[in-house]
Structures are given as structure tokens and as C-alpha cells.
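J.: Below, each chain spelled out in residue letters.
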Amino acid sequence: MALLDIRNLSIDIDTAQGKIRVIDKASLTIVDGSIHGLIGESGSGKTLIAKAILGLHNNNWTVTVDRMFLGKTDLTKLSQKERRKILGQEISMIFQEPSSYLDPSQKIRAQIKSVLPKQTLKRRIRRILGKIKRVDIQSTRLQIKELLHKVGIQNDLEVLNCYPHQLSEGVCQKVMIAMAIANNPRLIIADEPTTAMEAVTQSQIFRLLYKLNQLNNTTLLILSNNFANTSNLSDFMTLIYCGQTVESGSYKQIMESSMHPYTQAMIKTIINNDKVHEHKSELYTLPGNIPSSNQLPIGCRLGPRCPRAQRTCVTNPTLTIKKGHSFRCHYPLNLS
Amino acid sequence: MQPLLNVSNLSKSFKHISGLWTSYDKLAFGPVSFTLDKAQTLAIVGESGSGKSALVRTIAGLLKASSGEIYLKGQPFANLTSQQQCLSIRMIFQDPSSSLNPKMTVGKILNAPLSLNTDLTPTQRYQQILNTLKLVGLLPDYLDFYPNMLSSVQMHQVAIARAMILNPDIILLDEILTTLDISLRFKIVNLLLDIQKKMGTSYIFVAHNMYLVRHMSDKIMVLHEGKVIEKGPTELICDSPQQEQTKYLLLNHHPDYRK
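Chains C and G are the protein sequences, given in the same order.
Sequential numbering of the first sequence, starting at 1, is according to my numbering.
Sequential numbering of the second sequence, starting at 1001, is according to my numbering.
In short, the hints are calculated from the structure, not lab data.
Since this is a predicted model, take the numbers as computed values, not measurements.
Possibly wrong hints are sitting among the right ones.
Calculated lysine to aspartate or glutamate pairs in the DMTMM-like style (CA-CA distance at most 20 Å, straight line) [said to hold, decoys possible]:
{"no.": "1", "chain 1": "C", "residue 1": "280", "chain 2": "G", "residue 2": "1037"}
{"no.": "2", "chain 1": "C", "residue 1": "25", "chain 2": "C", "residue 2": "5"}
{"no.": "3", "chain 1": "C", "residue 1": "280", "chain 2": "G", "residue 2": "1239"}
{"no.": "4", "chain 1": "G", "residue 1": "1198", "chain 2": "C", "residue 2": "282"}
{"no.": "5", "chain 1": "G", "residue 1": "1134", "chain 2": "C", "residue 2": "5"}
{"no.": "6", "chain 1": "G", "residue 1": "1219", "chain 2": "G", "residue 2": "1230"}
{"no.": "7", "chain 1": "C", "residue 1": "280", "chain 2": "G", "residue 2": "1235"}
{"no.": "8", "chain 1": "G", "residue 1": "1197", "chain 2": "C", "residue 2": "278"}
Computed list of chain G residues with no C-beta within reach of chain C, every gap over 10 Å [unchecked claim]:
{"no.": "9", "residue": "1038"}
{"no.": "10", "residue": "1114"}
{"no.": "11", "residue": "1184"}
The C-beta atom is built at its ideal place from N, Cα and C for all residues, glycine as well.
From just these sequences and the hints, can you work out the full model?
T.: Here it is, written out as C-alpha cells:
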């Protein structure tokens, strides 16, 4: 069953040069209990999609969407206040560069406490009653401790008394994950959770996210620019280039029978220990650069860089869906 | 034959003030010894805090070594004038958006090292700038651009051009590839390999991605808490690592979740 179902999401942003369509008819279906990778290079609009899902957009954005459902609730019909309630309870987000997203003037303890449900009088009375009836209701202190242990921070007391700048980037990211899972959300959106981290910390964070998915059955949407890392982890993948979703499908469909030239180029960026690449040989890249958002080409935005581009590519290709494997291309590869 | 660069027993320690009168020395790295030949690449890998950046900065001359010697073509590096040092060893910093002067155009940025370190006439300098821009794959139109008008990969190209403009023997690269996207990263890697092939430049670089390290380097040096725990040819270290730390570094790349 689809937990999150988005059809034809478009985002226009008002700028000095006029309206720019940064996201062009993106569709995204996230299956309940899976890990979904949304992969695109920087500036391709991954974060914009995540923000549109959360409803965190500015006034100068125009978000149009045909359909946006979270489970059975229609997100487009909710008011701002109701959306705000969903944020943190049902969907939570892990941002990139965690040390800059945590409040620098507060200790970690206060920041985690603010995410947990408020200690109201009712809750306190219930806890005292629980003690009399010998029903174990956790205190906040224990809750925080358990959360930190869950994400693999052993020395919880030391970390809790630190300010964010005293901690390393990896530990900060773990704290962010702890805050994200505090209310047991159904969907966690991780926005480039491991950029600018070292290999060792990176694999720790990925292993942690994988464990969360396996043990709690939390659905994960991982936004990343590193195809090699994310593809290994995810069950389903969507590739995005300059605001257009180019291809999406399951891991097997993407890796074994990719249809879009961009996906092919991304698959070629995986280098591993197999001796495919000769030592110091030239690595494969698409020609040209990523266009800036005010000089986007019309039609298929990959057009000028695409090795298979032809004249029809100046019109926007329609979405083709085959057995859950969807792509937008006039001249797909591997078409059987 | 004499090696291009010979580093023997180099070490660096920082002074930490622990009380009102007392202080102690904390070792950043060392002792480190290695040699580097022409058109070779040495990769320095290790976890964070293992002293990689300090080592690279010491070789570049930004930090003063506590002990040990650096020999360049047999001569002690410290005896050379700063101009000669600049002509032989150049460094590229991690983030080009902060290492390029935002108030200078690309042309001025590239002109500065030439006018400070060489006796070339303005026309010769201009010719050299054009040649270097061609080498890194930029058009001459970019000479009048300010760094903030460039994309991230173009800024990297300008940073490489600034290092290459004096035709140095050795370029030090401090984690320049980590902040780039994967396809742009490959572009810069291709550019660096191309320059090495054309000009015979040697590189010393710090990196995280072991597969890129394997692809680019001839020798690897593994640092752990300031000590060299393993060094040798790339093939040997990647195929049969001896130390636990090296195995750990290699293992942590693309762990397979599907097993």
C-alpha cells in the first residue's frame, strides 16, 4: 500500500526574472515500510520536494499538485495548522549539516526534551497513579536515555550536557535522528543525511537508518546525491534531474533494466573493487554542466547533455508506466 | 635516482596551555617519512583527527615543523626562498568558494602568483594565464568574472588553475573532492589525471573515498592518531591490508545491506 502518493507536483518560484518552474510534474509513490531513495545532483530540487511534502514553503512559491495523500489523509485539503500537527507526529525530517540545524544556544538535553510530548498535569498525575498501580510509565529522563541508546550513543549523560558545537558531526546527526524518531513517525525524510561526513561515520548513519526501517517498520525517504551509496540501501528509487523525475522503480528494475540515459550515467558512477576501471583511466561523465535554474532548456531538461537526444526531445516526454517502473523519455534504452 | 620530494622524520606538535603557567605538547602527527617521485600520486587516508590535514599543511609550509626535514630534489626545503618554495609546491584548499578572493576577478586571482613569484612581462603573464585556463578547460571569457558568478565546479577549476599557473612540481590537495557531487567529482578527477599526464605533476592528496583513492593514487599512506601505520603501493594496500584500521577504512565503503 502506498503511504505517500504524489501526482504531478509542480513548484513555481517568483523571482526577479519572473516565474521559474523549478519542479516540473514530479510524481512519487512511497510504499509503506520501504526505503525509498530520491536521487539527484545538487540543485535538482530534492529539498524542494521534501519541503512541499511538509508544507514548509514560502509565500513566493506556488505549489500545484493533482494528488497528495499521506495514507488516507489528503494533505492538500488540510489547513496550515493541521499540517503543522502532522509534522513531527506522522512525518519527521532529518536535515543535512546537523550541527547547523541544532540550536547553538541550547544544550542537547533541552532540545530533545522540546520534541517529546509536554509534561502536562494530566500526564504527571497519570504517572503517579501508574506508580501506585505498578504500571511502568517512563519518565522523560528515561525516555531521552532510551532514545539516545537506540541511535547508538552510549555516553548519553556527557552528550546531553553538551552544546552542538562541542560534538562531532556524526554525533549531531545521531541526535537529530533521535529527535526524529521520538514520536514514532510513519515516515522519516532524511535530506542528505551523510554529506561531508567520513566513510566510517557515513556507514554508521546508514546502518542506523537501515536498522530503524527493519525493526520499527518506519518508512524512509532518503534524499541523496550519491547514487552509489543510496542505491545499495533502498528498495525503490526515483531519479530526478533539474526538477523532472526521470525514472522510478524498484532496485532491481533500475539496476538491471534502466530505461533513461541519465540513470545509465548514474549507474556508471558506481566504482567499486571490481576491475572495470583501469588504473588512472578516464571516468565516465555526461558532457557539459548542470544548467542553472534560470537557464533551463525547454522540453526534456537533460536534452543538451543527453547522448541519445534527437529533435523530438524539445517537447516534454510523457510519463510511461510499465509494471510499476515509470520513466520519461522519448528514446528509452533496454525497451523490450 | 634522486626522488623529487623526500620527507624524513617530520613531526608537528601543538602547544596546549593547561594551567596558568603549565603547558604541554600535543603531537599532531609524526614521525613521518616518505619519498615521492615525479608524476606520482601519494594518497593520505585516515579517520578524522589522525593528522592528515596538519601533515599536508606542514609540507606546504603553512605550519612550521617541530622536527624533521623536507628535501626537495636533494635540497633542504627550509633553505629555499619563499618564491622558490611557491614555484615548486602549491596547495589547493578544501572549499574554493572561501579560498578565492570574492573582490578579485578570475584574471587578477591568476595574475597575483605570477607577478609575485616570477619576472615575466605583462604580455608573457597574460599568455601564461591563457595557457593555464586552456589546460583546466575554461574559456578566456571567464577572466573578467568574479568567483561568485561561477558554479562550484568552475570555482574548482579556477582553484586548480591558480595552483597550476606556476607549473609546480607538486600540488597538495586537501579533501577537495568531498564537497562535490558525484558526477562533478568525476569531472575534477578526470581533469587532475589529465594534467598529471600532460605536465607530469605530482600530487599529495587527502581523501575519504577509498575507491577514488585506489583509482587515482600510486602510493597510499594510512595515518592513525598521528602515526603512520601502513604505507606502500596502492594495489598492495587495497588488496591485502595488514592493519586493523586499514581494513576498517576499506570495509566501511558501500557495506552491502542486501546480504
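J.: A separate judgement is required for each hint: does it hold in the structure or not?
T.: Against the structure, the hints:
A distance of roughly 17 Å separates the Cα atoms of residue 280 (chain C) and residue 1037 (chain G); the hinted pair therefore holds under the 20 Å criterion. Restraint check: the Cα-Cα separation between residue 25 (chain C) and residue 5 (chain C) comes to about 13 Å, which is no more than 20 Å; the hinted pair holds. At most 20 Å may separate the alpha-carbon atoms for a hinted pair to count; residue 280 (chain C) and residue 1239 (chain G) meet this at roughly 17 Å. Restraint check for residue 1198 (chain G) and residue 282 (chain C): the C-alpha separation of about 14 Å stays at or below 20 Å, so the hint holds.
At most 20 Å may separate the alpha-carbon atoms for a hinted pair to count; residue 1134 (chain G) and residue 5 (chain C) exceed this at roughly 49 Å. Only pairs whose Cα atoms come within 20 Å are accepted, and residue 1219 (chain G) paired with residue 1230 (chain G) is accepted, the gap being roughly 11 Å. For the hint linking residue 280 (chain C) to residue 1235 (chain G), the alpha-carbon distance of about 13 Å falls within 20 Å, and the restraint holds. With a C-alpha separation of about 15 Å, the suggested pairing of residue 1197 (chain G) with residue 278 (chain C) holds against the 20 Å cut-off.
Consistency note on residue 1038 (chain G): stated as away from chain C, and its beta-carbon is indeed over 10 Å from all of that chain's, at 15 Å minimum. The non-interface label for residue 1114 (chain G) is consistent with chain C: the shortest C-beta to C-beta separation is roughly 28 Å, beyond 10 Å. The beta carbon of residue 1184 (chain G) sits about 8 Å from the closest Cβ of chain C, which is not more than 10 Å, so the claim that it is off the interface is violated.
Checked against the numbered hints above, the structure breaks hints 5, 11 and satisfies the rest.
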